[in-house]
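Q: Sequence:
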Amino acid sequence: DVAGGLLLALGLGLLVAGVYNPEPQESALPSWGPPVLAAGAVVLVVFVLWEIKARTRLFDLSGVRRGPLLATLGVSLLSGAALMVTLVDVVLVAQTVLGKDTTEGALLLTRFLVALPVAAVAGGMIARRFGERWPMAAGMAVSAAGYLLIAAWPADLANASYGPLPRMDTDLVITGLGLGLVIAPVSSAVLGFVPAARHGVASAAVVVARMMGMLLGISALSAWGFYRFHALTADLKPPLPFLMSEDEFARQMKIYNAAVQDALRTEYQEIFWITAGMCVLGALLALAAGGRDGGRDRDGEPGGDRNRPTTRHTGRDSGNDSATGHVPAGGRRNILGDDG
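Heads up, the sequence shown is in the numbering used here, so the first residue is 844 and it goes up one at a time.
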């Protein structure tokens, strides 16, 4: 499906280009942003219509529960956006607010990165036992709580703590555990919504959704953050060491630096608030998506191999077999024997 692939690539590319803003001091979006975003949305609609009509499809949705599938892909997209915001903005907080260098900022991020795979393994185990819905929803809810905690980081963050636990480390671990918990259930749920023959494309769709969330999330929130920072510092004038004493210059520079730090904290606070909101939306989508629930699949059957056939057959179409077509699978086994 070359045409479908080109339409999808063009639509997603236009969305990313629409939120790129080389002059954030003027507005959150560039002057061409709204029409480019609208064009991207139109192209994606054309892609969907093409996929409905085309004989060869990039992603064949026939026989698939589209609503739950799209909701689950939405969870993947939103978790990808939150992941990329964390990877970028936590390091920026470390460098611009805490005064750490690049290496120290990367080491700070390891609190989040270590928790991520640990929770991913746990999420797979929980999904196997209780179904995909609850670990997906719980993971997004926990990550939302983590981002709210990060958004509330105080000015004296280095000395903040929860009793014996350093606040910064604890909040990053909570956020990493939440996002990690989502990884395995999302993939498992998507595979459960599609026939086995399309599992490869379905797995790719999960990755594409996550990567697009990362691209769109960091592009949009970075544009917003730069715009907010310029708006918050528009009236700040750096002091000049002319016509004043050294003590006066030092005093005014201290006031200026404090105002810049306040603007940076406000910028990051709003970015993490928005990220928390995305995670709440992801939790709601996870609840709407369904998936296996309590160890049972979507049709109420035990959640073992969901693509396993429920009848045994002799090589002919058992539904049209005049001798056995009306006999349940268990009774048919008694009639034909284990070897059919």
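Warning: the hint list may mix true and false statements.
Cut-off 35 Å, straight-line C-alpha distance, at most; resulting in silico cross-link-like pairs (DSBU-like, lysine-lysine) [said to hold, decoys possible]:
| no. | residue 1 | residue 2 |
| --- | --- | --- |
| 1 | Lys1080 | Lys1097 |
| 2 | Lys896 | Lys1080 |
| 3 | Lys943 | Lys1080 |
Derived by calculation from the structure, the hints in this document are not laboratory data.
Q: Kindly indicate which numbered hints from before are broken by the structure, ordering the numbers from low to high.
A: Hint check: 2 fails alone, others pass.
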